[in-house]
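A.B. asks: The chain contents come next:
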Amino acid sequence: MTIQEINAQLIEINNLYQSGQISPAEYKSLLEGLEISQVIAESAEEMQQKEDLNKVINHAINALSLIA
Amino acid sequence: MKKLLLSIFLTTTLTSCALYDAYMMAGYDTNEYGLSVKIQTIGELGPKFCSNQSTSYLYFKDAYEKSVELKNFTMHIEDNKEAHKLATELTKLTKGAVEMYEKQTPVSEPFCKLKMAQIEKNANQISHVLARKPR
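Protein sequence lines, in the order shown, are assigned to chains A and B. Under the numbering used here, the first residue of the first sequence carries the number 1, and numbering increases by one thereafter. Under the numbering used here, the first residue of the second sequence carries the number 1, and numbering increases by one thereafter.
Since the hints were made in silico from the structure, they are not lab data. Be aware that one or more of the hints could be misleading.
Claimed, not checked - Looking from chain B toward chain A, a few residues come up when the C-beta cut is under 8 Å (computed):
1) 82
2) 84
3) 104
4) 121
5) 122
6) 132
7) 133
As the list claims (entries may be wrong) - Now the stretches of chain B that chain A is said to cover, found in silico as 3 or more residues with beta-carbon under 8 Å:
8) 87–100
9) 108–118
For every residue, glycine included, the Cβ atom is placed at its ideal position computed from N, Cα and C.
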């Protein structure tokens, strides 16, 4: 989930809880889900950056191996 | 005789090349990606069944079982810590949904829909990075 999606869901969850449409246990579980979503978003971004960097380095090595 | 040997050589070599190509065509781990997409699909289709407690419970249980499978699959592969971490977090998320059905009856429809959305969006993000991770 993106940070914007997490924010939007947080507002929705708070509204549902305040209007009594979800129980306290459900509210807690959904908030925990948002916490997990934040960890996934950060880890996925980090992994993506690592892969992108790896790709750039490999391209550079391949290009150099053609010359050298 | 020479022609026969040549044709046998070419046939076996070309077949091997085709198999190698088919395997290497996807530069990513297709098993990891496949499991992640299955979980994403459950999250996408699941909300339709949120009015039915037993069906929605089965959907969450299926998502949980598949995320445990993904977690276990990613565990022993070399240089795969990040993918394993993502799968572990997804397992926590799906487990939370299953536990809610086991301790509270009935589970509300808004909870079911929002939890399915969390599963779908997170699995989608994981599928996105797994499809770009070289084997």
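A.B. asks: Closer than 8 Å between Cβ atoms is the bar; does residue 122/B clear it against chain A? Give me holds or violated.
C.D. replies: holds, 5 Å
A.B. asks: How about the segment 87–100 of chain B: do at least three of its residues have a C-beta closer than 8 Å to a C-beta of chain A?
C.D. replies: holds (count 8)
A.B. asks: Should the hint that residue 82/B touches chain A count as held when the rule is a Cβ pair under 8 Å?
C.D. replies: holds, 4 Å
A.B. asks: Hold the hint about residue 133/B up to the distance rule: shortest CB distance to chain A must be less than 8 Å.
C.D. replies: At 6 Å from the nearest chain A Cβ, residue 133/B passes the 8 Å test, so the hint holds.
A.B. asks: Test coverage of the segment 108–118 of chain B by chain A using CB-CB distances below 8 Å; three residues minimum.
C.D. replies: That given contact holds, which follows from 7 residues of the segment 108–118 of chain B lying within Cβ reach (below 8 Å) of chain A.
A.B. asks: Let me know if the C-beta of residue 84/B comes in closer than 8 Å to any C-beta of chain A, holds or violated.
C.D. replies: violated, 10 Å
A.B. asks: Holds or violated: the hint that residue 132/B contacts chain A, with Cβ atoms closer than 8 Å.
C.D. replies: holds, 6 Å
A.B. asks: Just to be careful: measuring from the Cβ of residue 104/B to every Cβ in chain A, is the smallest value less than 8 Å?
C.D. replies: Result: holds, 6 Å to nearest chain A Cβ.
A.B. asks: Just to be careful: measuring from the Cβ of residue 121/B to every Cβ in chain A, is the smallest value less than 8 Å?
C.D. replies: Holds: closest Cβ of chain A sits about 4 Å from residue 121/B, inside 8 Å.
Hint violations for this structure: number 2 only, all remaining hints satisfied.
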